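Novice: Below are the chains, spelled out letter by letter.
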Amino acid sequence: MKILKYTLILMSAVLMACAPKVDRSTAPEPGPAPDISLGNYETFKLDNGLNVIVVQNDKLPRVSYRLTVDRDPIMEGPKAGFVGFAGDLLKAGTENRSKAQIDEAVDFMGASLSTYSTGMSGSCLKKHSEELLELMNDILLNPTFPEEELEKVRKQTLSGLASAKTSADQISGNITRAMTYSLQHPYGEQQTEKTTEAITREDLVAYYKTFFRPNISYLVVVGDISAEEAKSQANKYFGEWEMAEVPELEYPTPIPPKENKVAFVPLRGAVQSVISITQPVDLAPGHPDAIATSVMNSILGGGVFGGRLMQNLREDKAFTYGARSSLITDELVGRFQAGASVRNEVTDSAITEFLYEIERLTLETVEDTTLRFIKNYMNGSFARSLESPQTIARFALNIERYNLPKDYYATYLTKLEAVTKEDILRVAQRYIMPNNLYITVVGNKDEVADKLVRFAGSGEVDFYDMYGQPYTDMEAAPEGMTASDVFAMYYDAVGGADKLKDVNSVIEQGKMITGPTQLDYERKVKGNNKMSMSVMMGGQALMQQVVNGDQGSSSQMGQSQPMTEDQILEAKMQMNMLAFESLDQYNMTAELKGITNVNDQRVYVVDMMKGGEVTSTNYFSVETGLMTGSESTQETPQGDITVGTTIREYMTVMDLKFPSYIVQSVGPQTIEVKLDEIQINRRINDSEFKVN
Amino acid sequence: MRTRALLMLLFAGILSGTSALAQQKQIEFEEYSLKNGLHVILHEDHSTPIVAVTAMYHVGSKNENPERTGMAHFFEHLLFEGSENIGRGEFSRYVENAGGVLNANTTNDRTFYYEVLPSNQLELGLWLESERMLHAKVENEGIETQREVVKEEKRQRMDNQPYGNLLSETMKRAYQDHPYQWPVIGSMEHLNAAQEDEFIDFYKTFYVPNNAVLSIAGDIDIEETKKLIKQYFSGIPKGENEVPRPDIVEPKKTEEVRDTIWGDDQLPMIVQAYHIPAQGEDEFYAVSMLNKLMSDGESSRLNRAVVEEKELALYAGAFSFPLEDPGVTLAFALANMGVDPKEVEDAMNEEFVKAQQEMITEQELAKVKNQIENDFISSNSSVAGIAESLANYHMYYGDANLINTEIERYLAVTREDILNAAKKYYQPENRVVLYFLFDEEAANSMEQ
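Residue numbers (the working numbering), protein chains in the order written: chain D, 1 to 692; chain G, 693 to 1140.
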């Protein structure tokens, strides 16, 4: 018994020791903060001016070499893309090796090697480093930019551009850059099919020769390697690279829009809108405000799940899978951007929340808890980033490149801690402009665009194509062509204006068909001011319209009423077969808008306007010159309706062509007029044109 | 390059599985199980003052009721909603306020949660993960919010993404019986129909210590960490339900499945899915090495033939999809503009046939081995990656030490093994072939 009791006591003591009670109700306190120490780096310069930075880290038996050509941004213009091509093609062949040989050599080492417009980067296991450098040396000094490789890359790029047409994210990237920086800026210009086609091998060679120079470049070596070893490798493989003067380039600074602007890129079938709200920001790396603006951006939505955008748009409203913001510093011009992909029906509500959160930054100081939270987060991010030796390399490169104080990163955490909520408000007011934003949306035009009008200072949504050009469904008409030229073509096509002048009267007879109902249709025209039209059923008039000089009446089922002046004028215009030649007589003007496709036919698009407003849009076949149809807006008591007219057939009478089969549609309803007979220059008695 | 970025995005999910680790520097670790069945793995590394606290649950989309697909992934969202002691939305707040990051992901086979924290916040990570395991909040309010978020995730990742339906269309045809046939994100209708009690039941079944691995790596003291783990996790009761594991065996394929998917993506995409052995089997390594020869690097066979020499495609590659049950190799090519997809497929097939007829060269075998060695060494570069690998190796193979030794399985593969694998698996009757083609009408009708 005694033993048992003893055992029990012992056991309960053991059990208690095993599972001590833990207070689950609150989060545990952190232990003492660990020391955060930055790794060191060494720098030296080769005789040819190449700056070398070495970060030694022997945790893994690897080494990497990154060469950065620190040239000014380049405006590529009508050959946009050539700089990128030059980068791609650097490793497409040298005087000593074909592309296949280079690829094989890289892969055989299990290494990686990439080249780009501002340099190249290779990494491998330490034991292969000399072979990798031998390759990099050859690529850097002896590239041949082979024509056939250029064609290959061109073909791939064109395919890539084609596939990008359905990528909402890629298009959003394009339009964001095009708006923020403008198309006339190196950061905003766009590579298109056209600019891609224009690139030549000479462009690549010239770019390489001018800008790939050691005196503006940095070589960053990271990994299981000492500074001494790196120095001897740098001299051996990069020492013979020749220096030369490199041009410096300058550009006007992009400015934000005068008022908020909505830029919309239509994307067929989109189920989400990609929203990107953006403005240029004049803020260089290492600027005294850079850390405070970075804190400000984190509060809004820079990576933190607890950021305001994510909490508001995702966690509270469930509009999106993720909402974020970014603030890029740049020597030339930086950028502020906030965005998300949201479902179509909440696009406008989401933009409202974005604008609210952006403006709020400039109106209120942040809560102390928020600031503490963000600082803690950024502190942790900094510590976590140090896990990768590439981080130290990046810090070193920034210090050298942007002339930052040597202790810029070593004292980063102290500077971060010193940021106050007043600083945040100050930098928000200085750099963020809630009323001067580009609100770009890539999405479903029909479902989304109209609802965005209210965000546009101009009261209008501006449409763009995927390359940031003003959007229209149309291609441009040939240079110099006007509406009059289209009309002249039309008159030639129907038989010639001269012959039309000789037409004194026209009698048309046929059927009007709507649904299962067939009615008799007759229209008589005499001169330019007398017209009579009737629709009959079984000999009884259902509809009649008569114009005679300044008088006109229309009747339906025997109920007659006078026509208005406008209606009479319009009817007169319709009876004048040469009306396009004397539009001012009808207070109309015409404008050629371009060429588009209607019913698989290429047509010129001509808008007819009255008092500056478009009353109808008319289509003329590019191939035949004949009018193929029109769309006009009619006022009705039920509101405006759009009437579509298609001319299906023409009938030839005495060498002149007259529309003989016309289909009109209003919504789902259609009315067809099919003529059986057309007679011209038959005598018509004036008594036929009696106005009631 | 533009197109590369697109493809990387598209296939990042598929490719992330093929990690392998080096023997260069041994990854030391300790492992043990608690009485409630929770398996614990600890790796100590003081080079950076951070720690990765991770929990892997052996539940993925294959464990789902076919009428309730998407539940596993839905839980990945739901379990950030809070617990008895953590308010709604505070989960991420605690982590970020401590200077950490957190996230989670779901595959067909498992769900993985992690926090990377400053090392003095280890206890916070343990508290959070134990709260999630012990008494997470599984309630209507959070369910409703996350339903909408998941729908947005689906729109963003699949519906509004070029070729976003690639995987779902392929797997649906590759598997008739096995649950790999449905996508991890599941059906929105199923999720809408699921009731609160079904969510609670799912939680009680799968989110139990005997179905989980707690893997921690970084700047920790092992003994101290063990003590804390005992405090936070030993009181969590073992699951009462048996954890269901599907034992469905997909019948062997006897004829090729071939189909065309019309959509609004401009360039033709050609996809072939070949059935292959489950990950970890000997032949899986041979298949993976063959795929590496086909796809890894610009000198790889498919790239050289289809992209560089014949100029038929922007990209061509083949990758093993590592799955716990027998999975697939996905071979795919994004055709250049105006190229007949049949021509691209023929060019791909030519490469597979060549691999069946001729043994690969010694030089090629050496190349693939070098590539594997490089991958192995590079993949141990972060504590989060090490913690995940250790958990994976334990969960799937019951041997966490494969983090150090799996490379030997690759290096043991011979040229004959590769030839045999090519012959056995890269056969027409063993595959699904899909063409994703542009259709003006389909594109237009989507607009309405």
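Calculated from the structure, these hints are not laboratory results. All figures in this text were calculated on a predicted structure; none of them were measured in a lab. Some hints here could point you the wrong way.
Derived DMTMM-like pairs: lysine to aspartate or glutamate, alpha-carbon spacing no greater than 25 Å straight-line [what the hints assert, rightly or not]:
1) G:Lys1116 <-> G:Glu942
2) D:Lys127 <-> G:Glu1100
3) D:Lys79 <-> G:Glu1003
4) G:Lys1061 <-> D:Glu29
5) G:Lys918 <-> D:Asp446
6) D:Lys421 <-> G:Glu1003
Residues of chain D placed beyond 12 Å of chain G at every Cβ, according to the derived structure [stated by the list, open to error]:
7) Ala27
8) Glu29
9) Asp72
10) Lys99
11) Gln101
12) Val106
13) Glu202
14) Thr210
15) Arg426
16) Glu475
17) Leu519
18) Met573
19) Glu635
20) Val666
In this text, a Cβ means the ideal position worked out from N, Cα and C, and glycines have one as well.
Novice: Hint by hint, say whether it matches the structure.
Specialist: Results for each hint:
no., hint, verdict
1, G:Lys1116 <-> G:Glu942, "holds, 17 Å"
2, D:Lys127 <-> G:Glu1100, "holds, 20 Å"
3, D:Lys79 <-> G:Glu1003, "holds, 23 Å"
4, G:Lys1061 <-> D:Glu29, "violated, 48 Å"
5, G:Lys918 <-> D:Asp446, "violated, 60 Å"
6, D:Lys421 <-> G:Glu1003, "violated, 58 Å"
7, Ala27, "violated, 6 Å"
8, Glu29, "violated, 8 Å"
9, Asp72, "holds, 23 Å"
10, Lys99, "violated, 7 Å"
11, Gln101, "violated, 9 Å"
12, Val106, "violated, 7 Å"
13, Glu202, "holds, 22 Å"
14, Thr210, "holds, 23 Å"
15, Arg426, "holds, 25 Å"
16, Glu475, "holds, 18 Å"
17, Leu519, "holds, 33 Å"
18, Met573, "holds, 35 Å"
19, Glu635, "holds, 28 Å"
20, Val666, "holds, 19 Å"
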